[in-house]
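Engineer: In order, the protein sequence lines correspond to chains A and B. Taking my numbering, the leading residue of the first sequence gets 1, the next gets one more, and so forth. Taking my numbering, the leading residue of the second sequence gets 10001, the next gets one more, and so forth.
Any given hint could be a false lead.
[Stated by the list, open to error] No more than 20 Å apart at the CA atoms, straight line, and that leaves these computed lysine to aspartate or glutamate pairs for EDC-like:
#1 B:Lys10959 with B:Glu10819
#2 B:Lys10332 with A:Asp172
#3 A:Lys144 with B:Glu10336
#4 B:Lys10948 with B:Asp10668
#5 B:Lys10190 with B:Asp10173
#6 B:Lys10332 with A:Glu166
#7 A:Lys174 with B:Asp10668
#8 B:Lys10652 with B:Asp10730
#9 B:Lys10591 with B:Glu10466
#10 A:Lys144 with B:Asp10668
#11 A:Lys163 with B:Asp10088
To be clear, the hints were calculated from the coordinates, so they are not data collected in a lab.
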Amino acid sequence: MMASSYNAKDENGHHPGSVDSSGPSAVKSKKSDNTDFKQQRLPAWQPILTAGTVLPAFFMIGLIFIPIGIGLFVTSNNIKEFEIDYTGVDMSSPCFNCSQNYSWNSTSACTCSVPFTLDQPFESNVFMYYGLSNFYQNHRRYVKSRDDSQLNGDKSSLQKPSKECEPYQTSDKKPIAPCGAIANSLFNDTLELFYIHPNGSRIAIHLGKTGIAWWTDKHVKFRNPGGNDNNLSVVFQNTSKPVNWRKHVYELDPTDPENNGFINEDFIVWMRTAALPTFRKLYRIIQKKKVNMTPTLPPGNYSLEVTYNYPVRSFDGRKRMILSTISWMGGKNPFLGIAYITVGSACFFLGVVLLIIHHKYGNRNNNTDIPN
Amino acid sequence: MDFSTIRNLITRCCTGEESWVDSRTVYIGHKEPPPGTEAYIPQRFPDNRIVSSKYTFWNFIPKNLFEQFRRIANFYFLIIFLVQLIIDTPTSPTTSGLPLFFVITVTAIKQGYEDWIRHKADNAINQCPVHVIQHGKVVRKQSQKLRVGDIVQVKEDETFPCDLILLSTCREDGTCFVTTASLDGESSHKTYYAVQDTKAFNTAEEVDTLHAIIECEQPQPDLYKFVGRINIYLDRDEPIARPLGSENLLLRGATLKNTECIYAVAIYTGMETKMALNYQSKSQKRSAVEKSMNAYLIVYLCILISKALINTVLKYVWQADPNRDEPWYNQKTETERQRHVLIRAFTDFLAFMVLFNYIIPVSMYVTVEMQKFLGSYFILWDDDMFDEELGERPLVNTSDLNEELGQVEYVFTDKTGTLTENNMELRECCVDGHVYVPHAICNGQVLPGAAGMDMIDSSPGVDGKEREELFFRALCLCHTVQVKEEETVDGIKRGIHQGKSTSFYISSSPDEVALVEGMKRLGFTYMRLKDSHMEILNREDEMERFELLEVLNFDSVRRRMSVIVRSNTGEYYLFCKGADSSIFPRVVSGKVEQVRARVEHNAVEGLRTLCVAYKKLTHKEYEEVCRLLTSAKLALQERDKKLSEAYDVIEKDFILLGATAVEDRLQDKAADTIESLHKAGMKVWVLTGDKMETAAATCYASKLFHRNTQILELTTKRTEEQNLHDVLFDLSRTVLRQHGSMTRDIFSGLSADCQDYGLIIDGATLSAVLKPTQDGTSSGGNYKEIFLEICRNCSAVLCCRMAPLQKAQIVKMIKASKEHPITLAIGDGANDVSMILEAHVGIGIMGKEGRQAARNSDYAITKFKHLKKMLLVHGHYYYIRIAELVQYFFYKNVCFIFPQFLYQFFCGFSQQPLYDTAYLTLYNISFTSLPILLYSLMEQHINMDILKRDPSLYRDIAKNSLLRWRIFVYWTFLGVFDAMVFFFGAFFLFDNTTFTSNGQLMATNTQMMFGNWTFGTLVFTVLVFTVTLKLALDTHYWTWINHFVIWGSLLFYVIFSLLWGGIIWPFLNYQRMYYVFMQMLSSGPAWLSIILLIIVSLLPDVVKKVLCRALWPTTTERIQNADRLYKGHLSEFSPLSSLHAPHARKHDRQGSESQNHAHCRSDSSPSKKLMCTYWGGRPGYCTFNSFLRIGENPRFSGAAYAYSAPGPETSV
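Let the hints inform the model, and build the full structure from the sequences given.
Structural biologist: Laid out in structure tokens, this is it:
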């Protein structure tokens, strides 16, 4: 690259004008100022990975990781989790009928109730999830099928959704709000939980439906067009509801204007596409009862009332309801704890191996080289 | 490149012998010739504009783009970019467009800048004023407007604007002096001659009246060849034809000296001048690293294509179920549905290619280029390689070959001026067997010989006296030396001051200067050449004048030169001096045997010998000689051949006068350098034009041959006695027998030099060996094979009597031998250029023989000793740096892309990218680019001083060892492993459990879910940290810059991610990264898993490194360990404390150590085993005095004694 075919500079170097370039000043100027950098002699730390130097690190890692791992494992094991599949594939399953006669157009909702028993009490806040499997929310066509500007309350995007939303961009020549495949396939089963008191009475458990989405999503990323206080039905006047929806976006939660339209939290949670085809999403929160000391969910019989709207059988999907408590490190997570314990012990073991090697080989080197 | 080769081809065709007919006719002053001669056909010639720039303002962008996209990598990325534009691909076109744009822009700016500089230089040259004669007046013109046929006036110290034919000068004898320093670097003054018939035209008016036509050949690049004819029309008669030779041709770029002004006519202008023809770009050399890089690239391309293919096939297998292909929640658009399945499949394939294309890193090329370019400055800056004497730094003409300096296996070196100083001094002269030593002369009295010199007749008779003076006169007359009266010549002080007067001698040959200088000390002073009379001041301070009649110039084929002079008594003498081999056969009388003995004796001592002979000519003989010469000189075709035939006839029947011996001292530390190169496993070949004895002596002196080196001779002398075939087989048997016993000791490909054979071959035998024999094809090829086999087993080879082209031939032969070793050629003269161009790395020495070698070289240094640092330190560093750079780049891109590949299995093969666009784009450009660049500039795995002290470390990197396939596969698998760790680590966290986050930062009441972008970000974060920390683990030299860049780029990643996710970007139509990074970091498990995954990915590499270091350490690693140890202990050692060191304890060990050394030296066979035992294997430690020596004393004193024991070998 540097070799230019004909270098004019060279030629000039021999011009008569530069005859006296060999004077002492010229020598000095040609000699670079002797910086450490130019001489490649910058002061430097020169670490070398030898058995001796990494030994302490290995033992340290071992010593730190194993307790962390044990801690994680214990914490994870203390977390109560209950999972129930209510897809209704089996004939015996209570939701079998609903899953069989399913059609998007049916106006009457099919309901089924799934009984289950909790053996252990669920203390503190209990989180209720719905889980889907074999649902490719991470499919490329699906992931990109949304219009973030629209969801952010941009009015022009409301009227003219991005073409990424195809084929869920318009219906009946009206723009769909919210457009796209993700919004269109919003999970619309309704799950209700009843505690069946030993005396036979069914006590509805209060399911909190706010606080389940990221705060930033709810307050910044998702905005209703024209602010939240306006009448949403007016704002969404010229738009059409997603084809699979039964109601308009401004009817998602008519009871709470702070949880309606684009800022509906169920909607926001759904819009965050899952990473893997089997996923769970937070549905409701069962707050800890503040007054009495009874657990949030005492052991006993429960009934899960499902309004069965969401078809998954066509793609061999499964629907689950999960109840879980939570710890400082999240949900039930044996993997992390086990991984920490494994890595910690591996490091410890390697440390021992290295110690032997260091003792056997390193010492030999050192002894022969340096007598003291 | 193509362009220039085509041009070369064209020029070659135009100037070939057959097409010589295609000559050009120049009408001086654009005047029509007198009617009746030839038709005036004005030929079209280019103007005098020099164009070295590649681009103009208008064509820069298209031409530069075209040039850049001709590079395969750029073209590949362009294709990827276009594919992204055309089809619906997973990543936006910016992800590959931006880096490509960046690369192209940076390169374009660099090339544009270089071109701008060239434009400026061109303009400066093209617009400088020249004086042209028009209508009898001197007119100023811009240089670029000069046309062929213009008469130009050039004043003293001006540079000739184009190639000119000298018409007249201000000097009466029609000569002018010229230096060609900028052409071939020879700073001597050369004499050029005006055309005899025009030299009287001394003013502008007179010159303007000249009617003449010049016929000459079309321009050709050879600077020293020119044939032409001038037809002068005087008084409208028949034209007078005069020959024109290179002595009449003033070349563009040369400078007029010592002459007030000249008139000359332009014949070649602009790009047709010989200088311009000589500055054509050389063919580009590619380094071995680059070749491996390209091989890796192909492997990765295959991986890429197979990945895309696998995914495409799997995608269609998986999609066979329509519910998977198009579930109700994820419908296709109408247009997608209607597309043909094959088109869809092809688009998918392309989309996968695009998704995985980052595996071939676009930025690698930029980084490599930047590394090479910036890295080359370390050579420029190196103070150790700065030459105080000349005030010169090393030159780096190409930065593409930096790392090749660390791979050299064969060193081909010139002798004169490279190994030796090229600072000649007359040591002695021998007249009829009487030896004269100039040093022993006082006050003009000859004191024959110092004590101990034999063959000295203390009282030479009268006849002897006469012969002696004739000898001295011969040396004073037979040369082409000029006398320069001034202090300086061309910036270079030739400090040969002459007593009182400040005049000194200048010649293109330093031998001649040394001879004339020596004669002066012997009492005969050459004064000057005046009016073609040479003036000599003899011992009695009387002026003797000889008329110089003819000079039969020196050439390397004849290896002699002659002058014909007429003394003032009217006698004609022909004096000849030349190599003994070319003189002795032509001698008829004289004391040949004595002189020959002396010459051989001197040659063995490493002196350069010349023989001097003369003959007297009668007037008649002289006329005959004149006739011969003129007829040869007038010939237009094959003039050289005819001249040499004429010379051959003239130079015979000599009477031998005597011989001279000139010493050329070895360069400073030449022997030390050669020894180091040997220890570094390089084979050093000396290629020289000198005679065998002289060259061999130099080789002994420079430790190329040791006393215990077994010398194998393959010379004409031997082949005369024996058939070449037998000699070759004899030698190969000798070598191979030893070799067979040796192979047991050799474990790896390292060639141990313990056997120490030295081969001497001369040019004639070499051409016999290389010549394809007529009888049978089998034996012809065999010779070469056998010869190569012999050479391979010799640690040192000396080739003497080499013609320049043979030097290149040898280099080429070694290059083409089956191991394809990396060759380096080093030389200082024009005769080394061919070899410098041929070798993988060409190094020029900026020496006394001019700049031609330096100009054609890849690197130029001032002294041979600098080669040591250049190869052992710089080369070593460059190599390990670039090797790591290349491996690391592929590694980090495997880490980067493999998770994406794995992700396809979990997203229905839908080409969903794992990472966000910004991450995809910036990963190679900014997150991970600077640390590796800085590493590849700063890394020093071992201290510089140790590298210099211990040349054997060079063997550790020989044969491209850091880029072997094994290591490449290791890195690739490491990358795959790391990628698996990242991906499946994150996968299990997401898949298995509620991997959740605190939705409201710093509050604990709610737990949220993470989506796919968080998944990608987690993987990416682990990736960036792992990859950067992996480099940190590999870094052995942590300066503040490394700290700054490594931690800085990690910090930059974090800050960028915070920023990128912290804002709703108004210009983007997606906000998928909004707060993803912050949310991830607000979750405890994310932190824990990031730490865990980083450690797990780094662990295997660390363990592998530590284990290999402990169990199977390389020499480098041993030294690293040791270095570290005694750095820690250095302070404890002082010369005093060493005395009190526990001698008793060490005694034992030292004893065995010295045995090791003794063993090692005595039979010179440090087997590989010995190389590995720690100190025993490093004999270099003891021979070089380093500053660490004091610190090492306690350990090495024993070894050092062991060294002095087999001492005498050093005094060879």
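Engineer: Hint by hint, work out which the structure violates, then give me just those numbers in ascending order.
Structural biologist: Violated hints (numbers, rising): 7, 8, 10; every other hint is consistent with the structure.
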